[in-house]
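So the sequence lines, in the order shown, correspond to chains Z and S.
Heads up, the first sequence stops at 240 in the working numbering, and the numbers go up one at a time, no gaps.
Heads up, the second sequence stops at 839 in the working numbering, and the numbers go up one at a time, no gaps.
Do not rely on the hints blindly, as some may be mistaken.
What the hints assert, rightly or not - Partner residues aside, some chain S positions facing chain Z, computed with beta carbon under 7 angstroms: (1) Q10; (2) G16; (3) R17; (4) I19; (5) A20; (6) A216; (7) L284; (8) L288; (9) G289; (10) T291; (11) L374.
Note that these hints are calculated values from the structure, not bench results.
Just so it is clear, CB atoms sit at the ideal spot from N, CA and C, and this is done for glycine as well.
What follows is each chain in one-letter form.
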Amino acid sequence: MPIIRAEKLKKTFTSAAGATVMAVRGVDLDVEPGEFVAITGASGSGKSTLLHLLGGITLPTDGSVWLEGTNLATLNDDALAAIRRRRIGFVFQRYNLLPELSLIENVALPLVLDGAPANRSTQAAHEALVAVGMDHRAGHRPDALSGGEQQRGAVARALVTNPAIVLADEPTGALDSANSAVVLDLFRQVVTERRQTLILITHDPGVAASAGRIVRMKDGRIAEIVAGDASLAPPGAHRP
Amino acid sequence: MRLGKLLLRQWRLRPGRAIATAASIAVAVGAVVATWVSASVSKTGYDRLAEVIDGVPTVDVTSRGGGRFVVDDVPHIADVPGVRAVVPLIYRPTLLRVKENRVREIAVGVDAAGLVSIGLLDLEAGEPCRGEDEILLDATLARALGLGVGDEVLFFARRRIERMQITGLVKPGSMNWFAEGASVIVDIKSLTSLARATGMVDRVRVVLMSDGNRSAVQKAIGERLPKDLMSEIPAGRASLAEDVLHAANLGLDFVTGLTVAMAFFIVGNAMLMNVSERRRGFSLLRLLGATARDIRRFVSLEAALLGVAGGIVGAAVGRAAAGPITAGIARALQSPESASAVAPWIMPAAVLLGLLVAVAAAWWPAREAGRVDLLEGVAAAPPPPPTGVSWRLITAVIVLTSLALATQALVILGYFPPRMSVPGGIGLMMAFIATTPLLLPPIVKILAFFVPPWLKIEGTLAVEQILRQPVRTALTTGVLVVAVSNGIGLGHAIRDNVDDVLGWYSRMMKADWVLSRAGLLQGVAEDQPTESQDIGVEDQIKALPGVAAVEGVGVTTGRVAGSACVIVARDIPDTGPLPLEPIDATEVEVRNALARGEAVAGTVLARRTGLKPGDEVQVEVFGRTVPVKVAALVVDYTSGGASLLVRRDVGRTLFGMQAADILLVTAATGQQETLRKPLDAIATEEGLILRSFGEVRKVVDRIVQGLVGSLWAILGLGFVVGSLGVANTVTMSVLEKKRTLGLLRAVGMTRGQVTRMVVLESVLLAAAGSAIGLGAGMVSAIFIQLSSQPLLGHPVSVTFRPSVVATNLVAAIIVTALAAWLPARRAVRLDILEAISTE
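So that you can see chain Z by itself, here it is in the shape it has in the complex:
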């Protein structure tokens, strides 16, 4: 059974000027557990909107998203929030750490929001920071960290609840090549060691090629799905 299934997914936006934009125009996609799927495409092709739909950040205008057998459209706001806290980890291009909190507090935030005891959430956050090699900067606030360090912190935050799925929207887009390599290595661990599902948007053909499948988006539709070299895929993982 796929961990995520998208059926005839459509999403329409109305701009401030009143114009209607159909960002996603009928997408069908199944993602198996432990799979690494890369989504590529030109700007405005609908890849970010598709990712947001798959993560329950926004609801489809038509069609449905099934996550672990549950139709997200049937869930209320609290249940969707619980899924975001427990089952999905998000990583974005602009790091998006809260400037008021230290790095470890940022990482612990999903657990804190889930009501975990303070010592357990701090312990888990510390372990996540160790995993991304940032435990030595745990007490620093984001404005004292470099872009690469912040993104590693963001990855730690996405992983701290041990989610089933990690959704990453151009996580290396704002990083230099050295930091990109470090972050990609962290995603390799996600797939190969933690056996979590990874859906990642990227413009980098090299990064895309390392996925098990590459979904190419064009004008809100899936133009093609091709196999990657699955260099990041764990042994025995689903392959196209």
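Starting from the known structure of chain Z, arrange chain S on it as the hints suggest.
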């Protein structure tokens, strides 16, 4: 609270935002506290003023059907909380023979010894009267008659003449609270015996403790009385009495209500800005799994904590700010310092108010924060603010306006008490503010045409900034609208009411010289010995060279249709303007009706009794009931309008009101000053008080200005608070735009240009807010006047006063410009990179 740490960190990282929000709450709470305290002092002062005018606060027990009643029918009421003394009274017109003179007087029967012992009657000399042949005389009357302690007079009673010894002289003014014009005191048992009315009284006057609540005591006494007796507030005998004070109290309630509304807007605006700044953070929290409820709780918790902190500071600041204002009000109203004592519950109530206002004002921002788009936090740029006007807003305007107008209509028709006008007026104010998002864009665009060419760039950008944030701009403007409309509305209402009162006084008291008696009244009933003769003061004055006219005014208390009122009998000159302002009748009609022996009624008396022009009413004076036809209603402030006026000759015939209490002397052209000496001589000889019209006017002005001064002081306070609110709001708004200002600097604008743009934006906002506030203010003025109509019984017209408008508009624009200039200067001095990096 799971996000408590985040809240504390946010405060630590951005203390300015939290401090500015708490400051807004402090300003708002401080305003309400200061207004509360000042209004409370004013109300206490009004009560004291009423006491000065009317004497000590009292409640009367009278017969429901009028006339005398058996004193033993009155149950025990001395133990009613707030009661100081229970004083049975009986009045008896009489004649005193002093040597060769016969003087008409009213004798009052009272337990003089008892009153002296509890300090309710002061003697200038001698002892209180106790025996059947003893009397007390008002000291002024005694001096006029050349009498002293130990002298004897002949006292004419029903079919008897008694020789009475004067045992004491009463200090002038000391017996005003029960004398009803009497200047002679006889022991009550003696007088009832002389009047062959043993065991009977005209009324039982209940004296209240100084802190007693008159309405509560009246109600408590009323509950104990048998069916045929009733408790009532005695009719005032002075020019400015209870109903006028009620109107002033209504004004105070209005100011307090508007201050609360303004406080709500100040806090609401601060909360909205506070929350808007953090939308991206809230969005990110939602993205990471926080529920909408978590976010709402976060915002509400912050509001509650800042509300308590702001409430504590505001309570202290408000109390401190109220100090000089209340001292000024106490001075203006000549009330004692103790009047400024603050009720102990005000401080905790203020803290609670801070909490409630903050949480209530945070409701909408919290709701919006909970609904934040999850993608806003990860978007490269914040989404554009919504444009256009929602149907919900238009519906709110229509509903609020309808409710306010319906409330007002029900107040005018008498279905609602006048106090209900306050929430009605505030509702209308809210409706006006709700129109701001509709009206602001076109007004700002029109105002932009008046921006001088050398400020064209700054002007264009300023207009753009205003139109970009319609909701927040509307809230900032809302504070301005409330502040400006408060000033304009109440400014007009105060001036119009003062002009109405002074206009009435000028009509009533058109004279160069005024002579009055300290004991005021002489009235003689028909069953008095007919050999009596007047002192002849009027004739003496008429005979003086240089006197053009002498008008006499007699005043006494009575009852019309069961309601206590003042009966005025005055000379109406055949020529010249009528000294009355008729409603729905011409001067000629009123003059003719008065000549026919009919009466005119004050509007408040008409409202109380439901009488209409053409009605015949039963008028009771000194236990005698006479039917009188009411020809018309007139604007009158005598006893607050609870008055019935007849021609003097009619008063003499119908009620036996022989002599005048006040003589209005008009001098021939150029003779005013030459009359001073002869009039002074007559006044000294007859024990009268002589005052020029200017001196009388000064006394009236002092009373009126005392009332008005307190309203102005509180209004001024409201304006200062409004200014602080606007300053705080504008400051927050400018600081929030640091990034935008930094970007403008980065693309080449000079510091001066950016500063001018920010100041211009605020000036445009102030001008637009003032324009809306002008409309709201004038509507408020009409609302206030309509609200006081049921109290005054007549409409007070609203006159457009450019000086009031100009003062408010100029002050609003200067305050707003200054409030913008200071933070703008600070913002443009920031390093450009630092400003750009501001989230």
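Tell me the numbers of any earlier hints that the structure contravenes, in ascending order. 2, 3, 4, 5, 6
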